Amino acid sequence: MLKLKRVSKIHLTGDIQTTALDNISLDISAGEYLAITGPSGCGKSTLLGLIGLLDVPNSGEYYFEGQNVAGYSEAKLNLLRRGRIGFIFQSFNLIEELSVFENVELALEYTDTPAKERRNRVAAMLEKLGIQHRAKHRPSQLSGGQQQRVAIARALIANPALLLADEPTGNLDTAHGDEVMRLLRKINEEGTTVVMVTHSPAHAAQASRTINLLDGRIVVDALQAA
Amino acid sequence: MKKRDLKIAWRILLKQPAHSLIVFLGLSLSFCVCFLLLGYAKYSFEYDAHVPDAERIFLVKHRLNVIGYPAWVDFSVWPLRESLEQSGIPHKFSSVNILSRSVFVDSALPHQMSVAYADVNFPKMFAIRTLQGDLQAALSKPDALVLTAKTALTLFGSKAALGSRLSMEGKPYFVGAVIQDAPSNATLVFDAMKGSTEGYGRSYVQLPMSVDLHSVERRLQEVADNSPFSDNLERILGTEAWNSVKKRAIEIRMTSLSDAYFDPDLVALENVIHGDRRIVIALSAVSLLIVFLAATSFINLSVARTLRRQREIGVYKILGISRARIVVQFVTESLLLSLAATSFGLLAAWLILPAFSTLMSRQLNDLFCMTNLALSLGFSLLVGLLMSLYPTWLALGVNVHQALIGRGNSETAGGAKLRRGLTILQFASAMAFGAVALAIAWQTYYSTKANLGFEPDNLLVVKLKKPIREAESSAFRDALLRLPGVKDVALSFRPVGRDAVGSFGGLRAAKGNYLLPNWEGVSLNFFTVHGVKFLAGRGFDPQLDTPEDAKKIILNLAAIKALGFPSPEAAIGQSVMDNNDTPESRQIVGVVSDLRYRSAHESEVPRSFIPSLWPATLAISTDGKITEVTTQIAKLWQQHFPNETFDINASTSLIAQNYEEDLRMSKLLIIAALLSLAIAAAGIYVLSAYSVQRRVQEIAIRKIYGAKTKSIALLLGKEFGLIMLASALIGLPLGALAISHYLASFVERAPIGGWTLLFALSIALLIALASSLRHALLAMRISPVVALRD
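Heads up: the protein sequence lines correspond to chains A and B, in order. Sequential numbering from 329 applies to the first sequence in the working numbering. Sequential numbering from 52 applies to the second sequence in the working numbering.
Note that these hints are calculated values from the structure, not bench results. Note that the structure is predicted; figures quoted are calculated from it, not measured. Treat the hints with caution; some may be incorrect.
When the alpha-carbon atoms are kept at most 27 angstroms apart in a straight line, the in silico BS3-like pairs for lysine-lysine are as follows [what the hints assert, rightly or not]:
no.: 1; chain 1: B; residue 1: Lys192; chain 2: A; residue 2: Lys404
no.: 2; chain 1: B; residue 1: Lys500; chain 2: B; residue 2: Lys516
no.: 3; chain 1: B; residue 1: Lys761; chain 2: A; residue 2: Lys444
no.: 4; chain 1: B; residue 1: Lys222; chain 2: B; residue 2: Lys192
no.: 5; chain 1: B; residue 1: Lys759; chain 2: A; residue 2: Lys444
Construct all of the structure, not just a fragment, from the sequences and the given hints.
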């Protein structure tokens with residue numbers, strides 16, 4: 329599904345160059361559940377950004393569903409990403425000015441889905457995740473766990489083939505974190521490819537494959553027992 | 052207030068220098084405008100305040116009802132002093148007549164001066180302070196002049212003026228006294244004084260507190276009604292005219308000196324300093340509104356900063372700093388900006404004061420007195436305090452825990468609404484001011500150009516001292532005709548474009564109505580020189596008419612209608628009787644359209660034109676080289692009338708004088724509109740900056756989910772589009788209402804339609820777009836990867 333070949337990414341801040349990723353090569357198959365681990369600053373989020381078509385590498389090739397997207401413009405990446413990739417963030421990134429319902433609906437706003445169908449799908453998703461009773465509330469009125477469920481709903485509403493999660497349990501307590509992990513497992517079992525960045529070895533162990541990054545390089549790439 | 056408060060306040064301002072500068076400049080300019088306009092208002096309301104007991108000194112006004120243009124005048128037309136003395140009313144009386152004179156001091160070049168011919172009561176009543184010499188003695192001597200200090204300096208420099216020699220109207224005088232200059236806000240302004248017992252000019256009556264003003268007015272009216280002067284008028288006018296004015300030839304009213312400047316009855320008088328109270332109050336309100344608008348920009352900025360400083364405020368609270376200290380911190384920030392802006396604004400006001408004085412046609416040099424500066428300081432402190440209220444309230448309401456875990460930086464819905472509301476107010480004001488200013492300017496332009504009834508271009512107007520029948524006046528006229536650049540010279544009682552109190556005399560058609568027209572004595576070539584077109588008949592013809600032909604008359608359309616003629620053509624050849632001492636029959640030889648003597652605020656009155664050798668106003672038709680011809684005429688005047696004041700104007704200038712106040716209002720409103728637009732632009736610039744900043748994550752998320760650049764632009768555009776729509780819904784109707792109210796005062800209205808509103812709206816939209824464009828473009832370039840960063 330995804331293939332990175334000798335991909336590098338350099339961040340430029342003023343005169344200072346930082347190599348975030350150094351010659352990474354990585355294949356991800358459809359339906360995989362991949363955990364990316366590593367210390368702070370090793371390039372995990374950068375790698376996730378590249379995989380999610382949020383950014384482009386400075387060198388190397390990246391094949392997304394067979395297309396080499398390495399030189400694509402932002403507009404083309406936008407188009408490619410729409411409806412295919414869902415995102416979950418550590419800080420949820422819900423929009424405070426919108427209600428829970430509107431936050432989830434946002435993911436379908438830029439697709440061709442008719443308004444009525446959008447509303448039906450959002451209602452169904454909220455019910456699936458057990459937060460339909462909070463549909464009219466603002467994010468700040470929800471607990472952390474509920475907010476993350478809203479974020480997951482938003483990530484899944486477009487039935488993406490790929491779900492990217494950046495530290496999804498980072499701001500949650502153990503119970504809520506475990507709940508999110510169960511959801512991710514279930515989503516993967518339903519066929520969605522999941523790539524998760526995490527600091528937690530316990531959570532990483534729940535994935536089918538783990539890669540460990542250090543200083544922008546893959547140092548460990550191991551399959552795990554189910 | 053501690054030094055730390057000032058340090059933090061200063062650093063907060065420097066943190067975003069561009070935003071701070073924009074708000075600072077807006078506030079400074081608004082303080083500048085406010086200082087000038089409120090200073091002007093104070094100046095206007097303090098007219099004659101330097102005169103003790105100004106409320107009990109009354110100017111006696113008269114209105115003659117027996118002329119074509121009855122208007123209140125500020126000079127006596129009957130023996131007022133004697134009547135008062137006979138009435139038994141306790142009072143003091145003084146009269147003063149201010150005339151323009153040429154004064155010579157050891158040189159060929161005259162100094163043009165205003166000379167007050169005053170009686171001996173005048174100095175005491177008006178508390179005139181003598182600096183040198185004996186004022187009372189000087190007023191008693193026929194060859195003594197009293198100079199103001201400024202005039203003495205102008206004429207004699209550092210040399211002592213007292214006792215010095217000078218001449219006026221060909222007669223020698225000496226300086227008998229020097230008096231203190233009156234403040235510029237005085238209704239009586241003069242450069243010199245001379246004693247006079249003639250009693251012409253303005254009459255002032257000082258009444259003790261025990262005397263009721265209305266009883267004095269009634270008493271004077273009774274005396275006037277029964278006076279030999281009224282009896283004479285009845286005899287002169289005849290029964291018909293007398294009945295038409297309900298047997299009251301003269302009306303009398305008294306206005307106190309403290310109210311004289313704003314008295315609407317005195318508007319029409321030439322050489323009378325007058326103000327419109329409504330306009331002064333309106334300008335004051337406009338200035339306060341402008342400060343309010345500028346302050347709202349600061350409030351917007353401060354609120355945005357407060358929301359971003361919640362972590363800082365949380366830390367203050369954790370450390371145990373009291374609410375009072377937090378209040379002091381925020382108030383300090385506001386006061387620092389307010390005081391700095393006021394200082395800069397005062398500097399700007401000082402620099403543009405000369406231009407402002409010229410615009411207002413007033414000497415406003417004393418605006419920068421200690422009182423006004425102290426008031427400015429107080430106002431600045433008040434504004435600073437008021438501006439700090441809402442941001443301080445927000446700061447006090449910060450939840451410590453939420454702030455420290457980074458969840459406290461969301462604005463409440465109410466706060467966001469308030470900030471948008473303030474921006475709406477800014478744009479609505481700009482639109483309203485702009486639309487009204489354009490409407491006034493357009494109406495003024497229209498009034499000076501359209502339907503004048505004559506052609507003022509290339510015409511110059513000169514006033515002679517003596518009528519044309521006098522040898523020296525006719526010699527001057529003949530010399531004018533020989534000047535290159537002069538095509539012809541016509542004569543009239545008064546210049547077309549400037550009306551004045553007319554002369555007596557009724558007119559009656561054989562089977563028509565009776566009316567009191569304004570009588571215009573003119574030369575035979577008057578209509579040709581003025582380019583007047585005839586509706587029927589002809590103008591005066593030297594082949595057919597003589598310069599003092601009593602048997603011919605030309606009427607304007609208003610006169611024809613008032614006399615009951617069905618059409619101009621029907622009037623030609625008909626006779627009318629003028630109802631003078633010796634009634635005479637005159638034949639109507641021509642009918643003209645209504646020449647516009649008055650401003651477009653008023654209807655034209657019936658006018659009758661007769662050949663005459665009494666006129667003393669010359670209308671000089673030139674070849675278009677106005678400046679050159681004026682110079683030549685000035686030299687010619689010096690040769691013919693070396694002792695007399697030279698008074699020359701372009702006809703177009705005279706017409707424009709009717710609209711001085713309108714033009715002034717238009718200019719001021721244009722300035723107000725531009726300032727409001729600038730403030731609104733600054734407001735929306737800051738609003739768009741913070742709106743984008745607040746929505747960075749949201750924009751990144753939307754891009755992740757496929758939003759195109761256009762969608763982001765529309766998202767931001769929607770917010771500002773709603774602001775502009777709301778502004779238009781408020782500002783444009785208000786502007787339309789103000790325009791309608793203004794135009795209602797005109798008899799001749801320009802076809803304005805809605806273009807001024809549309810234009811103001813378009814400009815406001817362009818400004819809003821330009822101001823928010825930068826941040827909109829930044830927003831469109833936000834990379835979706837930003838969403839991955841906390």
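**Request:** Would you list, in rising numerical order, the hints stated earlier that this structure does not obey?
**Result:** The structure conflicts with hints 1 and 2, although it agrees with all the remaining ones.
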